[in-house]
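Chains as they are written, first to last, in my numbering: chain W, 1 to 352; chain G, 1 to 219.
Hints should not be assumed to be uniformly reliable.
Not close to chain W: a few residues of chain G, all C-beta gaps over 10 Å, as computed [unchecked claim]:
1. Leu-27
2. Val-36
3. Ala-53
4. Gly-85
5. Ser-127
6. Met-128
7. Pro-142
8. Thr-153
9. Val-168
10. Trp-189
11. Trp-212
Simulated restraints, written as ranges between beta carbons of each label pair [unchecked claim]:
12. G:Lys-215 x W:Gly-195: 42 to 50 Å
13. W:Lys-17 x G:Arg-214: 39 to 47 Å
14. G:Arg-66 x W:Ala-135: 48 to 56 Å
15. W:Val-181 x G:Gln-203: 50 to 58 Å
16. W:Gln-144 x G:Thr-92: 43 to 51 Å
17. W:Gly-45 x G:Ile-195: 58 to 66 Å
18. W:Val-22 x G:Phe-137: 30 to 38 Å
19. W:Ala-257 x G:Lys-215: 33 to 41 Å
20. W:Gly-75 x G:Arg-219: 44 to 52 Å
21. G:Ala-49 x W:Ala-135: 49 to 57 Å
22. W:Gly-75 x G:Phe-207: 54 to 62 Å
Think of the hints as simulated: they come from the structure by calculation, not from any bench.
C-beta: ideal position from N, C-alpha, C; glycine also.
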Amino acid sequence: MAIIEIEGVTKAYPARKGGSPVTAVDDVSLSIEAGEIVGVVGYSGAGKSTLVRLVNALEPATSGTIRVDGTEVTGLGERGLQKVRLGIGMIFQQFNLMHSRTVYGNVAFPLVVAGLSRQERHERIVELLTFVGLAEKAHAWPEQLSGGQKQRVAIARALATNPSILLADEATSALDPETTVEVLDLLRRVNDELGITIVVITHEMEVVKSIADRVVVMEQGRIVEEGPAFDIFARPRHEATRRFVRTLVDDVPDERAVEHLRTRHRGRLVTVTFRDDEATSGGSAQTAVFAELVARSVEFEIVFGGMEDVQGRAFGHLTLELRGADADVDAALGRLRELVPLTEVDPAREVG
Amino acid sequence: MDRVWELREQYVSDFFVTLYLAAGGLLLGGLLGLVVGTALYVTRSGGIAPSRAVHTALNLVVNVFRPIPFILLAIALQSAVRGLGVTAIGNTYAIIVIVVASTFGIARIVEQNLLSVDTGVLEAARSMGASRTRVVFTVLIPEAYGLLVLGFTFATVAIVDMTAVVGVIAADGLGNLALTYGQRQFNPWVTWTAIALVILIVQTVQFAGNAWARKVLRR
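In isolation and in its complexed conformation, chain W is listed as follows (with noise of 0.2 Å):
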């Protein structure tokens, strides 16, 4: 069941002095099912910040219709998305924590809005935090934790009211990787053991990568490209996509860096592409492409590329220096052409 609905939403903020006014988003539909990770990727601008907000109403939609839990959201007063907030979490890429308050202050917060007594806040609280593995720090002021812990409070005091739904926006961005395989984590637990759905906003790949079900790429406020987190990976369509996969794993070498592997490699360069789900008979793609070469006894040598790992499936372009007589080579080529996707690189300058 779909928990979340957008249809046809735009968001339009009228012209600033001198300027001409700007859709952060584009005429959107999108729909995300109960219990499912999402990531929304998008450069700075692309309207994914903004998309996010209109979900849990801090922005109002321009036109469209939003339904969260089935509560249409769009058209709500105040009073009404308010109770529809205490049902979505939002993290922040600043944390946002009230230096004003202890962790304990913070967490309690939210509790206090949904009108929980002192006794209830207090369990919620310690359970909470122990959660996130914060117990100890529960009287500690923001500025005594490092940015790690302060999005596991964050995201503690998002989770407080049992919401169903958690927005990160990107809660990752002001974390250094270590961190930010540490809070990654942590969401995915709050996804695996509280069946909470998350959408997640973010501009890094590595992020989508290791926790998105499914990816939605945006590009100046429209959804240029959206499908299961593999396929985006192992088969972008959309050049936004293409650029964003490439952030992660090289494909076919651009002309840059022909130039450079010609000054070590001179033979014919190929790149194949492997993805998992295509393996052929009888064994993956890989081990019959490189047995095949052994066999037509044409030398390789890897000199471009990379492989990555996607939900625990494989796919990745590796660039190839084929050396050996031309009616081997060809005939290989011939041969793998029926077993991968394979593009030649540069034919033209191609060495005999």
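Use these hints to put chain G onto chain W, whose structure you have.
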């Protein structure tokens, strides 16, 4: 020097009058200033409760009153206050003038203090289902608390300053004492003793304010 001793009772009573005027002005002006300053903050465009009409109106009033030199305001408000049937001289009138002047001064200080609060924190509070009113009272103001203490300390010093010139509207206080017994009777000792007491008040306020703010800001 002997004259200072002769006037000792006068000093004591005027010292307390100065404290009374400053405290009255600070309490009422501070409260009103906090309200007006917060209203200015929340109604600005992109604020918690944006309202162009309210913001523009408040801005106009603040901008009209704030630049009026205090001594001229003290004279100018006399007719308005008389129109309301209140005696327009003396200590009570002095407090009224101080309240008017300090309200608008403090409003701007409060507005600036609030502007330094990270709006992300307010957004986070709203995302947790807090109403606008709750955000203002339990997030915005507590987050700005330390800076507000410093702002109010600064305002208090300015208010003590105002109490020095209310002699012109027949109010008492150390300023009036210095003018009446010091300047007009050509006795610099009397003047400087009054000044010393004013310095004492200002220093105490400043010291207490700084200590308080340090405690709140935890640095």
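Against the structure, the hints come out as follows:
1. Leu-27: For G:Leu-27, whose nearest Cβ neighbour in chain W is about 23 Å away, the distance exceeds 10 Å, so it holds.
2. Val-36: At about 22 Å from chain W, G:Val-36 clears the 10 Å cut-off, so the statement holds.
3. Ala-53: 17 Å, holds
4. Gly-85: Fine: 43 Å to the nearest Cβ keeps G:Gly-85 off the interface.
5. Ser-127: Violated, since 4 Å does not exceed 10 Å.
6. Met-128: Check fails; 4 Å does not lie beyond 10 Å.
7. Pro-142: With a cut-off of 10 Å, G:Pro-142 comes too close to chain W, as the shortest Cβ separation is near 4 Å.
8. Thr-153: Fine: 18 Å to the nearest Cβ keeps G:Thr-153 off the interface.
9. Val-168: 43 Å, holds
10. Trp-189: 48 Å, holds
11. Trp-212: With a cut-off of 10 Å, G:Trp-212 remains clear of chain W, as the shortest Cβ separation is near 14 Å.
12. G:Lys-215 x W:Gly-195: 42 to 50 Å: 44 Å, holds
13. W:Lys-17 x G:Arg-214: 39 to 47 Å: 41 Å, holds
14. G:Arg-66 x W:Ala-135: 48 to 56 Å: 51 Å, holds
15. W:Val-181 x G:Gln-203: 50 to 58 Å: Roughly 54 Å apart at Cβ, these two residues keep to the hinted range, so it holds.
16. W:Gln-144 x G:Thr-92: 43 to 51 Å: 49 Å Cβ-Cβ, so the 43 to 51 Å window holds.
17. W:Gly-45 x G:Ile-195: 58 to 66 Å: 59 Å, holds
18. W:Val-22 x G:Phe-137: 30 to 38 Å: Once the Cβ atoms are compared, 33 Å apart, the range 30 to 38 Å for G:Phe-137 and W:Val-22 holds.
19. W:Ala-257 x G:Lys-215: 33 to 41 Å: 59 Å, violated
20. W:Gly-75 x G:Arg-219: 44 to 52 Å: Since the Cβ atoms of W:Gly-75 and G:Arg-219 sit about 46 Å apart, the hinted range of 44 to 52 Å holds.
21. G:Ala-49 x W:Ala-135: 49 to 57 Å: About 38 Å separates the Cβ atoms of G:Ala-49 and W:Ala-135, which means 49 to 57 Å is violated.
22. W:Gly-75 x G:Phe-207: 54 to 62 Å: 55 Å, holds
Of the hints listed earlier, those the structure fails to meet are numbers 5, 6, 7, 19 and 21, in rising order.
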